[in-house]
Amino acid sequence: NAGVTQTPKFQVLKTGQSMTLQCAQDMNHEYMSWYRQDPGMGLRLIHYSVGAGITDQGEVPNGYNVSRSTTEDFPLRLLSAAPSQTSVYFCASSYSPGAGANVLTFGAGSRLTVL
Amino acid sequence: GNSVTQMEGPVTLSEEAFLTINCTYTATGYPSLFWYVQYPGEGLQLLLKATKADDKGSNKGFEATYRKETTSFHLEKGSVQVSDSAVYFCALKGVRYSGGGADGLTFGKGTHLIIQP
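Protein chains in written order, with my numbering: chain U, 1 to 115; chain V, 1001 to 1117.
Possibly wrong hints are sitting among the right ones.
[Stated by the list, open to error] Heads up, incomplete: computed chain V residues facing chain U, CB under 7 Å, no partners named:
| hint | residue |
| --- | --- |
| 1 | E1042 |
| 2 | G1043 |
| 3 | F1107 |
| 4 | G1108 |
[Stated by the list, open to error] Taking lysine-lysine and the DSSO-like style, the derived pairs with C-alpha atoms no more than 30 Å apart in a straight line are:
| hint | chain 1 | residue 1 | chain 2 | residue 2 |
| --- | --- | --- | --- | --- |
| 5 | V | K1068 | V | K1052 |
| 6 | V | K1052 | U | K9 |
| 7 | U | K9 | V | K1068 |
If you're looking for bench data, these hints aren't it; they were derived computationally from the structure. In this text the structure is predicted, and so the values were computed from the model without any measurement. Just so you know, even glycine gets a beta-carbon here, dropped at the ideal spot from N, CA and C.
Taking the hints into account, I'd like the entire structure generated from these sequences.
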């Protein structure tokens, strides 16, 4: 049981480049989300999805795009990377959005550096 | 909106010391409360949770009690080990979906715990 798988684990980009962070889960979870983790800021929600074909913005969506064509996959796209997007990115999923004390399952993270 | 405040640290303790990490929250209604732990180089994983007032969550020797009257969910452990060194996040799932997407999960900034042998 792989859980939530994120790739790549590490990436270095130059300002203006684009890239996609991949996230896949094999638990048939309806809810998937992307967070960024920065020192002193905790975790901040970027985008989330409550099911295939449905996405919405979180707290810090600017500069990022998402899509959810299947239940399993939820890629995060950086359109034109900026140094302010240097961060550790976490994908997380849960079985059903809004269902009581729903527990999030996190991936291992993707560390992105933008030069 | 919902918010979570926790001591940021780093908190440095000796092995076998008593641990308390404070967490207070602001939310409407009766949120569910969580502690997540992040070990070096890994993602977050659930440590314990409580879903209603006076509930006590416990796991791996850690405990936290949901105190509605003080809006707190402090994490405690009687005797810490070097392997407990990690970052600990307090989080809440509000009744209203404020700042956390449809799952309504709002995180504190995390407390870095360092246990010395």
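Taking the hints in turn, this is what the structure says about them:
1. E1042: Interface hint status for E1042(V): holds (6 Å vs cutoff 7 Å).
2. G1043: Holds - the Cβ of G1043(V) comes within 7 Å of chain U, reaching about 4 Å at its closest.
3. F1107: OK, holds: F1107(V) within 7 Å of chain U, min 4 Å.
4. G1108: Status holds, d = 6 Å.
5. K1068(V) - K1052(V): 8 Å, holds
6. K1052(V) - K9(U): 37 Å, violated
7. K9(U) - K1068(V): Violated: K9(U) and K1068(V) sit about 40 Å apart, past 30 Å.
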